[in-house]
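Participant: The lines below spell out each chain.
Number of protein chains: 2
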Amino acid sequence: MLLKKVCLNHQLCDILIKGNTISQIEKSINVPDEIIWDCTGKAIFPSFANTHTHASMMFLRGIGEDQELFTWLNTSIWPREAKLKPEHIYPLSRFAILEMIKTGTTFFCDMYGDADETVRAVNDMGIRSMIPYVGMDFFDENETERRLNQADLFLSGPSPSGRIIKGTSAHAIYTCSERLIRGLFEKAQNHQTYFHIHLSETEKEVHDCLNKYGCRPVELLHKWGVLGPKTILAHGVHFNEDELHILADTGSIIAHCPTSNLKLGSGSMNLQKYLESNIQLTLGTDSVSSNNSLSMITEMKVAALSAKQRVGSVLAGRVSDILKIATRNGFQAFGINTGRIEVGALADFVLVDLNNPLLLPNEQIDSHLIYAADSSCITDVICDGKPVMQNKTVTNETQIIDEFKRVVWELNRL
Amino acid sequence: MLLKKVCLNHQLCDILIKGNTISQIEKSINVPDEIIWDCTGKAIFPSFANTHTHASMMFLRGIGEDQELFTWLNTSIWPREAKLKPEHIYPLSRFAILEMIKTGTTFFCDMYGDADETVRAVNDMGIRSMIPYVGMDFFDENETERRLNQADLFLSGPSPSGRIIKGTSAHAIYTCSERLIRGLFEKAQNHQTYFHIHLSETEKEVHDCLNKYGCRPVELLHKWGVLGPKTILAHGVHFNEDELHILADTGSIIAHCPTSNLKLGSGSMNLQKYLESNIQLTLGTDSVSSNNSLSMITEMKVAALSAKQRVGSVLAGRVSDILKIATRNGFQAFGINTGRIEVGALADFVLVDLNNPLLLPNEQIDSHLIYAADSSCITDVICDGKPVMQNKTVTNETQIIDEFKRVVWELNRL
Numbered sequence: 001m002l003l004k005k006v007c008l009n010h011q012l013c014d015i016l017i018k019g020n021t022i023s024q025i026e027k028s029i030n031v032p033d034e035i036i037w038d039c040t041g042k043a044i045f046p047s048f049a050n051t052h053t054h055a056s057m058m059f060l061r062g063i064g065e066d067q068e069l070f071t072w073l074n075t076s077i078w079p080r081e082a083k084l085k086p087e088h089i090y091p092l093s094r095f096a097i098l099e100m101i102k103t104g105t106t107f108f109c110d111m112y113g114d115a116d117e118t119v120r121a122v123n124d125m126g127i128r129s130m131i132p133y134v135g136m137d138f139f140d141e142n143e144t145e146r147r148l149n150q151a152d153l154f155l156s157g158p159s160p161s162g163r164i165i166k167g168t169s170a171h172a173i174y175t176c177s178e179r180l181i182r183g184l185f186e187k188a189q190n191h192q193t194y195f196h197i198h199l200s201e202t203e204k205e206v207h208d209c210l211n212k213y214g215c216r217p218v219e220l221l222h223k224w225g226v227l228g229p230k231t232i233l234a235h236g237v238h239f240n241e242d243e244l245h246i247l248a249d250t251g252s253i254i255a256h257c258p259t260s261n262l263k264l265g266s267g268s269m270n271l272q273k274y275l276e277s278n279i280q281l282t283l284g285t286d287s288v289s290s291n292n293s294l295s296m297i298t299e300m301k302v303a304a305l306s307a308k309q310r311v312g313s314v315l316a317g318r319v320s321d322i323l324k325i326a327t328r329n330g331f332q333a334f335g336i337n338t339g340r341i342e343v344g345a346l347a348d349f350v351l352v353d354l355n356n357p358l359l360l361p362n363e364q365i366d367s368h369l370i371y372a373a374d375s376s377c378i379t380d381v382i383c384d385g386k387p388v389m390q391n392k393t394v395t396n397e398t399q400i401i402d403e404f405k406r407v408v409w410e411l412n413r414l
Numbered sequence: 001m002l003l004k005k006v007c008l009n010h011q012l013c014d015i016l017i018k019g020n021t022i023s024q025i026e027k028s029i030n031v032p033d034e035i036i037w038d039c040t041g042k043a044i045f046p047s048f049a050n051t052h053t054h055a056s057m058m059f060l061r062g063i064g065e066d067q068e069l070f071t072w073l074n075t076s077i078w079p080r081e082a083k084l085k086p087e088h089i090y091p092l093s094r095f096a097i098l099e100m101i102k103t104g105t106t107f108f109c110d111m112y113g114d115a116d117e118t119v120r121a122v123n124d125m126g127i128r129s130m131i132p133y134v135g136m137d138f139f140d141e142n143e144t145e146r147r148l149n150q151a152d153l154f155l156s157g158p159s160p161s162g163r164i165i166k167g168t169s170a171h172a173i174y175t176c177s178e179r180l181i182r183g184l185f186e187k188a189q190n191h192q193t194y195f196h197i198h199l200s201e202t203e204k205e206v207h208d209c210l211n212k213y214g215c216r217p218v219e220l221l222h223k224w225g226v227l228g229p230k231t232i233l234a235h236g237v238h239f240n241e242d243e244l245h246i247l248a249d250t251g252s253i254i255a256h257c258p259t260s261n262l263k264l265g266s267g268s269m270n271l272q273k274y275l276e277s278n279i280q281l282t283l284g285t286d287s288v289s290s291n292n293s294l295s296m297i298t299e300m301k302v303a304a305l306s307a308k309q310r311v312g313s314v315l316a317g318r319v320s321d322i323l324k325i326a327t328r329n330g331f332q333a334f335g336i337n338t339g340r341i342e343v344g345a346l347a348d349f350v351l352v353d354l355n356n357p358l359l360l361p362n363e364q365i366d367s368h369l370i371y372a373a374d375s376s377c378i379t380d381v382i383c384d385g386k387p388v389m390q391n392k393t394v395t396n397e398t399q400i401i402d403e404f405k406r407v408v409w410e411l412n413r414l
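Going line by line, the protein sequences match chains W and G.
The numbers in this note's numbering rise by one with no breaks, and the one at position 265 of the first sequence is 265.
The numbers in this note's numbering rise by one with no breaks, and the one at position 234 of the second sequence is 234.
In case anyone wonders, no lab produced these hints; they're calculated from the structure.
Just so we're clear, the structure is a prediction, and the values are computed from it rather than from any experiment.
Glycine is no exception: its CB is placed at the ideal position from the N, C-alpha and C atoms.
Using 27 Å as the maximum straight-line C-alpha spacing, the simulated DSSO-like pairs for lysine-lysine come out as follows: (1) G:405 / W:27; (2) G:392 / W:392; (3) G:204 / W:273; (4) W:223 / W:212.
Which chain G residues stay away from chain W? Per the calculated CB distances, all over 10 Å, these: (5) 13; (6) 120; (7) 214; (8) 341.
What the simulated footprint calls covered on chain G by chain W, stretch by stretch (three residues with Cβ under 8 Å from a Cβ of chain W suffice, anywhere in the stretch; the number is not a length): (9) 54-68; (10) 92-101; (11) 262-274; (12) 289-300; (13) 309-315; (14) 354-363; (15) 374-383.
Sequences are here, hints too, so could you generate the full structure?
Facilitator: Dropping the structure here:
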């Protein structure tokens, strides 16, 4: 595939994609018999990596507005989730991925039940994902064993695609026993893969951790030996200096979810301080039930503004930092060689319409992507060298929407 | 015009528009010879009132990122604005109004030079506006007189449409003399119209006001007699309790601009406290140079989240409050009988596509409008009973964009 006359960093160029890789970027490239894609009037950007979400929660968009995390979980979310059956997960995940694609995302790190069904959805939709088996035992030992066995089954099964990383996840330190958390981490480690957990989302969690375990959440996980460069901590709102040091030393990954944290009253992370602590910082939307969007574009705007609000300085949440945590950092954290438009990188990218009024004038287009763009600006999305959206159309879009509506209708009747 | 099968508050109904007014809302309406608009699959919402912006600043989108207000004004904005000529204002304003329409806005309160050109643009684009003559004298008495005379000329000329309110505006207390501010307010008062001013945007402004005048900004304007139900104060980030009392007593209007305030490091307004103080609170985007968007949808999301962040509570920035400040309150402040879908109200509204994936499932659509929607969800915009966007298309869209590009190109060469 040969992109002709595409705008990259304010310069027109041609970009040759061979297989799933960017193989050449030049002022002009001519290759006989190559499929030509005329990109006149379009700019190329790395696609987004959404490092924390729960794809299958799409049926809960906007449920329980203006409630705090624990009220929201207990009264709005968990009772509705109890109705879910495994067969709902595939259509719900596909619908989530449709929204991700339309808003320019080609990778997400998930956390939900019936992970095999999500694997199937990602495989069919053509994007990338880290999909963990998720455990939660509420400190019941029988449940711990059952969960660990299930994790084995999930990890030992084949992955249908190189685009899909299988891993493990424990919900949180307040829903999972030490044995489950260590066990799930070890299983991930044995398979050289990733471990994902919610951590330090609220002050209550930190307080309860201090009461129960006599130390703070990061210290606890460090003691249990489950931190490291393949451990992704979602939220991480309330880390203190000591915890940030441990996270930097162990190379652990933070999935910052500013909208969700503000919407559920969990607190506001100090982005600038975290960046200066040299930890691996990435960006996630969380699910639509606490956001209520999967758009990484909007998430970047909220990340930038809430970072400035947090410390009262315009120097926090700078354009270049925000773009980096939403693209390059996210892919890098998961060992995926993309998040940048360079020769040798995997061909994951979006094309945006330079004539869309929201992006005019084009001079400051990097900041427009954060502050002015929306899904209407994205025309094409490419993942692993293959188009997953062309001219604003995703394959089977109508069928995916209809199927989603059917599931919602069914769940509302249960 | 008869809207058939439109969704209003989760119920299907028919809505009859007679002239510029909503004249009937029933389960089913049949009127012979009326133009029928099939709204199957669409929901109706009030359009937005954007109560503070500078429409002609479109050429400055994204200029001077991550700078504070005064640095940004002095080094990024004012030197570029100095190049503007009166003939640029019409195409720049039209382009701004194009973005407003595409994001569902049918009224804006402006503040910019060459106001006659903006009046012409609003008239041609078919939406509503309060367009003031804007004065700034930098405390030079000759300039004061010149400005006051110009204000007279502007106000005494006819308004080309009932959709357009002419008024006056002084830039700010740190750029305008007492005589100019009082004079411009009085001229507005003599014409029974509105007076607009930036106020209490930064702590520096408050501090300088205390030093120079021995009182806080609201106290100063109160002493000068320029507060009241036709005075719109943009930003108002740093009002204390006493000032809030004065504002409630005088019925003055606040245009809250959360994105701009955070982006320029001006501070974060305490939305919840202001709401509880019973002041007239409305919402504005400010210009694209400090936002960088005119979308009231995104502004609502930022308003809700920053309100929650400001006080650390989910009960701040509730869905119903945010929708109200963005619609009903804004129109009401300017005496425009709309901002709600009711019989007798002016026919200003948007239609949204209920099948757009961003709005699914539809159950919580009020909160989706704030938290999940973007411009891609809005299909039609009606102002004063007439469509200004139909099926996502605004009349002369391509010409408006081309003309804007030509102006930007010209300004970049000067």
